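Using the sequences and the accompanying hints, generate a full structural model.
Following UniProt numbering, the numbering of the sequence shown begins with 1 at its first residue and continues without gaps.
No wet-lab data here; the hints were simulated from the structure.
Owing to the predicted nature of the structure, the values given are computational and were not obtained by experimental measurement.
Careful, some of the hints might be misleading.
Heads up, simulated BS3-like pairs for lysine-lysine below, C-alpha to C-alpha not over 25 Å straight-line [stated by the list, open to error]: (1) 61 - 43; (2) 227 - 76; (3) 76 - 170; (4) 176 - 61; (5) 176 - 242; (6) 242 - 170; (7) 242 - 76; (8) 242 - 153; (9) 153 - 140; (10) 236 - 170; (11) 180 - 140; (12) 236 - 153; (13) 76 - 140; (14) 227 - 180; (15) 43 - 30; (16) 153 - 61; (17) 180 - 242; (18) 30 - 140; (19) 76 - 61; (20) 61 - 140; (21) 153 - 76; (22) 170 - 180; (23) 153 - 227; (24) 227 - 170; (25) 176 - 227.
Label pairs and their computed distance ranges (CB to CB) [said to hold, decoys possible]: (26) 15 - 85: 19 to 27 Å; (27) 180 - 17: 36 to 44 Å; (28) 227 - 179: 15 to 23 Å; (29) 183 - 15: 22 to 30 Å; (30) 78 - 51: 36 to 44 Å; (31) 61 - 264: 31 to 39 Å; (32) 170 - 13: 47 to 55 Å; (33) 188 - 51: 12 to 20 Å; (34) 191 - 227: 19 to 27 Å.
All C-beta atoms, glycine included, are put in the ideal place defined by N, C-alpha and C.
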Amino acid sequence: MANLINDSTIPVEDTINADYIISLSEIDGKSAAPIDLTMEAIKQIKLPKLVWQNMNSQPTKMKLTNSGHTVVLSGKWNCPRPHLSGGPLLNNYVFSQLHFHWGIDENEGSDHTIDGISYPMEMHVVFFKSTYLTQEAALKENDGVIILVYFFKVVSTTNSTLESIVNSLKLITEPKTSVKIEAMPLSYILHEFENDYLLYWGCIRAHNYSHPVLWIICRQAFGVSNKELEFFRELKDNRNFKIVRNFQDPQPLESRSVFHANPSTDNSQILLPELQVPRQHSIVVNYNYNNILDWQSDVNTKELDIETSSLINQIIYVDKLISNELTDLEKELKNNILNLLKLLKNNDNNLLKKTEHFKSTLDKDSTQATKS
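See below:
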């Protein structure tokens, strides 16, 4: 696998600056995110350092919400909100919220992949341009929103940074529920990198429109234990199914540019997964950010359109459990499948056939287990 971060054979381009990066929003910003980050797509460039401001400011309150698709952390500040500037940015971008994406096991979960390899979880930290005053207004502009990307890799120890979040997840397993958590500065959660990051433009779809977003990807991956990941997988979506696959598969790069800003010569924290297993599932969900970007400091419990995503999540969940031969859950799975069959009665025939196949497989396994 190529060393994504530190390859001396790639020349650093001195002619690319922040004005040029922002101008790409009108071209590159029309292609969909996320993408697979590969060596062939990277251009090394020099930019000013990213500037992190008010990250140590104490919020007056913080809220954790199960949106029915993900878990969202938002906050309120009586002082100036945390914001970013410098680097590829021409203005200040203020913090809106952060949320997570994960998969059914440690071999999948991240939206973005590295040379086709997934991380088990990915965190998105959403900022919007301060001159637009609100995130809703910022989404209408080409340069309105940036999203910081942090990857998580599986480690044997728990992550103390996530402790407050993970411990509160059991209180919001039901969709559209929220809980106040201990307020903490963003500096406690985020790694404040100034250099050595990846960036590209890719659009997201929200409110039936495509919105350009500048994606800024941290080189350093956080640690998370399998036990902590299980708490995320216990959250339920709007159909009362467990959220076990809320990430999207990579989209075609097309003619876009991917940049590596101010590369480091330090090889100690190269951005590569320890688990070098290709993503196993390639079902593409119609990904809509309505249910993510609507969750700002004041949570708006809008009805979310994720029926297809919910059904696919449950089918993959059943498929994985069958492959792992978890026969003690057969009864529960059969009930879930029967419910799916009813929901799918007038929908996609392929999904219906796949679900019926899972049911027959369970029946067969159950019969064999009884005979033995």
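We went through each hint and held it up to the structure:
1. 61 - 43: violated (41 Å)
2. 227 - 76: With a Cα-Cα distance of about 30 Å, the restraint between residue 227 and residue 76 is violated, given a limit of 25 Å.
3. 76 - 170: OK: residue 76 and residue 170 at ~23 Å, within 25 Å.
4. 176 - 61: holds (19 Å)
5. 176 - 242: holds (14 Å)
6. 242 - 170: Measuring from Cα to Cα gives roughly 13 Å; hence the hint holds.
7. 242 - 76: violated (29 Å)
8. 242 - 153: Distance ~22 Å between residue 242 and residue 153 Cα, so the pair holds.
9. 153 - 140: violated (34 Å)
10. 236 - 170: Given that 25 Å is the threshold and the Cα spacing comes to 11 Å, the pair holds.
11. 180 - 140: Violated - the C-alpha atoms of residue 140 and residue 180 are around 30 Å apart, more than 25 Å.
12. 236 - 153: Between residue 236 and residue 153 the Cα gap is close to 23 Å, so the pair holds against 25 Å.
13. 76 - 140: At roughly 24 Å apart (the allowed maximum being 25 Å), residue 140 and residue 76 satisfy the hint.
14. 227 - 180: holds (23 Å)
15. 43 - 30: Within the cut-off at roughly 20 Å; holds.
16. 153 - 61: violated (29 Å)
17. 180 - 242: Distance ~22 Å between residue 180 and residue 242 Cα, so the pair holds.
18. 30 - 140: holds (13 Å)
19. 76 - 61: holds (6 Å)
20. 61 - 140: Given that 25 Å is the threshold and the Cα spacing comes to 28 Å, the pair is violated.
21. 153 - 76: violated (29 Å)
22. 170 - 180: holds (13 Å)
23. 153 - 227: holds (13 Å)
24. 227 - 170: holds (13 Å)
25. 176 - 227: Since the Cα atoms of residue 176 and residue 227 sit roughly 24 Å apart, the hinted pair holds (cutoff 25 Å).
26. 15 - 85: 19 to 27 Å: holds (22 Å)
27. 180 - 17: 36 to 44 Å: About 43 Å separates the Cβ atoms of residue 180 and residue 17, which means 36 to 44 Å holds.
28. 227 - 179: 15 to 23 Å: Since the Cβ atoms of residue 227 and residue 179 sit about 20 Å apart, the hinted range of 15 to 23 Å holds.
29. 183 - 15: 22 to 30 Å: Once the Cβ atoms are compared, 44 Å apart, the range 22 to 30 Å for residue 15 and residue 183 is violated.
30. 78 - 51: 36 to 44 Å: violated (22 Å)
31. 61 - 264: 31 to 39 Å: For residue 61 and residue 264 the Cβ distance comes to about 37 Å; the hint holds.
32. 170 - 13: 47 to 55 Å: Holds, at about 49 Å.
33. 188 - 51: 12 to 20 Å: Given a distance of about 19 Å, which is inside 12 to 20 Å, the answer is holds.
34. 191 - 227: 19 to 27 Å: For residue 227 against residue 191, whose Cβ atoms are near 22 Å apart, the range 19 to 27 Å holds.
Of the numbered hints stated above, those contradicted by the structure are hints 1, 2, 7, 9, 11, 16, 20, 21, 29 and 30, listed in ascending order.
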